[in-house]
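S.K.: Protein chains in written order, with the working numbering: chain G, 72 to 252; chain R, 4 to 131.
Hint data in this document are derived by calculation from the structure and do not stem from the laboratory.
Glycine included, every Cβ here is placed at the ideal spot set by N, Cα and C.
One should not assume that every hint holds.
To be verified - Over 12 Å on every C-beta distance to chain G, these chain R residues come out as not near it, computed from the model: (1) 10; (2) 21; (3) 74; (4) 95; (5) 122; (6) 123.
What the hints assert, rightly or not - DEER-style ranges, computed between Cβ atoms: (7) R:53 <-> G:143: 22 to 32 Å; (8) R:71 <-> G:195: 27 to 37 Å; (9) G:152 <-> R:53: 48 to 58 Å; (10) G:194 <-> R:56: 19 to 29 Å; (11) G:220 <-> R:99: 23 to 33 Å; (12) R:22 <-> G:141: 22 to 32 Å; (13) R:26 <-> G:158: 24 to 34 Å; (14) R:99 <-> G:223: 25 to 35 Å; (15) R:12 <-> G:112: 41 to 51 Å.
To be verified - Derived pair list, reagent style SDA-like, types lysine to any residue, alpha-carbon separation capped at 20 Å: (16) G:184 <-> G:198; (17) G:195 <-> R:76; (18) G:91 <-> R:34; (19) G:98 <-> R:31; (20) G:251 <-> R:34; (21) G:91 <-> R:118; (22) G:214 <-> G:198; (23) R:34 <-> G:139; (24) G:214 <-> G:243; (25) G:158 <-> R:59; (26) G:98 <-> R:74; (27) G:158 <-> R:109; (28) G:251 <-> R:78; (29) G:251 <-> R:116; (30) G:91 <-> R:117; (31) G:209 <-> R:72; (32) G:112 <-> R:31; (33) G:209 <-> R:76; (34) G:251 <-> R:118; (35) G:91 <-> R:103; (36) R:75 <-> G:112; (37) R:33 <-> G:145.
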Amino acid sequence: MRFRFLFYFLFLTTLVSAQKYATRSGKTSFIGSEETFEQIKAVNNVSTAIVDSSSGDIAILLFISAFDFDISLMQEHFNENYMDSSKYPKATFSGNIQNLSLKELSDVEKEHKILGILTIRGIKKSVTINCGLKKINKGLSLKTNFSVLASDFDIKIPKVVRNKISKEINITAEYDLFEKL
Amino acid sequence: MIFLKNYKYALLLLGVLMISSWLIIGYAYKKEVPVSEKVAVFSGEISEFINANVAENSVVVLKALVTGIRGKELELGSTISVQYLESESESFSTVKKGDLILLKGIYLGYDDLFEEYKLINCILLYDE
Chain G
72 MRFRFLFYFL FLTTLVSAQK YATRSGKTSF IGSEETFEQI KAVNNVSTAI VDSSSGDIAI
132 LLFISAFDFD ISLMQEHFNE NYMDSSKYPK ATFSGNIQNL SLKELSDVEK EHKILGILTI
192 RGIKKSVTIN CGLKKINKGL SLKTNFSVLA SDFDIKIPKV VRNKISKEIN ITAEYDLFEK
252 L
Chain R
4 MIFLKNYKYA LLLLGVLMIS SWLIIGYAYK KEVPVSEKVA VFSGEISEFI NANVAENSVV
64 VLKALVTGIR GKELELGSTI SVQYLESESE SFSTVKKGDL ILLKGIYLGY DDLFEEYKLI
124 NCILLYDE
């Protein structure tokens, strides 16, 4: 009887700890310019992400053409001239949230480090990102803000607009991830 | 006389400048064409859609069975994820699991993470 209880306990513990959290509607935004007359900024509200709570592994995928700009001409230039989204339609991130423990998470945001590889325009780059993690109803909330250099991903900025577009692109991600069944 | 001639040229130049500025601003700030007005490159059912190898970021019309509802997202035929605009929430609120629906949206591409095809900015069409 005692062994059966132990078996069930271990089985359930493994099941719970191997939980995956996911979202199909993560918000990823970026600002690619200084404070100018028309700021270069866009938001992607359909980013997908999966977090394996047992290992801390995280995978994010977003479609470049799903970035929404206020000005449609800016969106056209972004896709055609800078990101070449017909050739490289996706940007991905795969990494690991260091020391992730569900038990230690609460509704108060806790700082974590994520080590991983960011792939934009087919170019892979190792990055270390700080993120805030907290528990929400039946899920996890992940927030992060970091910067990348446009030149690291071979994004060429023409001389004419060089003073309007930042060399450093500031990226913000806000994902509410829920248990994946 | 010369002054009058110069005045005419200045007025003409000003007019040309104003018209070209108006055209440039109109071009730069042109509104994006809504999905409802865009021409669909594919129209059909899920099996045909998967075999059709439709180009990413193109508008499609699909007739399919709703196999799941996850908040503001629908699942069609267990292979397609559908997301719609906030403005379409009311029309999508009547959709139930098991319904056969006709919708129009932008096909973004294949999502390797969830192993499904992704449609966004969808609107409901009514079968006639």
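S.K.: A separate judgement is required for each hint: does it hold in the structure or not?
M.R.: For each hint, the structure was consulted:
no., hint, in the structure
1, 10, "33 Å, holds"
2, 21, "20 Å, holds"
3, 74, "8 Å, violated"
4, 95, "14 Å, holds"
5, 122, "10 Å, violated"
6, 123, "5 Å, violated"
7, R:53 <-> G:143: 22 to 32 Å, "30 Å, holds"
8, R:71 <-> G:195: 27 to 37 Å, "34 Å, holds"
9, G:152 <-> R:53: 48 to 58 Å, "32 Å, violated"
10, G:194 <-> R:56: 19 to 29 Å, "26 Å, holds"
11, G:220 <-> R:99: 23 to 33 Å, "48 Å, violated"
12, R:22 <-> G:141: 22 to 32 Å, "25 Å, holds"
13, R:26 <-> G:158: 24 to 34 Å, "31 Å, holds"
14, R:99 <-> G:223: 25 to 35 Å, "47 Å, violated"
15, R:12 <-> G:112: 41 to 51 Å, "42 Å, holds"
16, G:184 <-> G:198, "10 Å, holds"
17, G:195 <-> R:76, "31 Å, violated"
18, G:91 <-> R:34, "40 Å, violated"
19, G:98 <-> R:31, "26 Å, violated"
20, G:251 <-> R:34, "38 Å, violated"
21, G:91 <-> R:118, "15 Å, holds"
22, G:214 <-> G:198, "16 Å, holds"
23, R:34 <-> G:139, "12 Å, holds"
24, G:214 <-> G:243, "8 Å, holds"
25, G:158 <-> R:59, "10 Å, holds"
26, G:98 <-> R:74, "16 Å, holds"
27, G:158 <-> R:109, "18 Å, holds"
28, G:251 <-> R:78, "15 Å, holds"
29, G:251 <-> R:116, "12 Å, holds"
30, G:91 <-> R:117, "12 Å, holds"
31, G:209 <-> R:72, "17 Å, holds"
32, G:112 <-> R:31, "16 Å, holds"
33, G:209 <-> R:76, "18 Å, holds"
34, G:251 <-> R:118, "14 Å, holds"
35, G:91 <-> R:103, "31 Å, violated"
36, R:75 <-> G:112, "25 Å, violated"
37, R:33 <-> G:145, "10 Å, holds"
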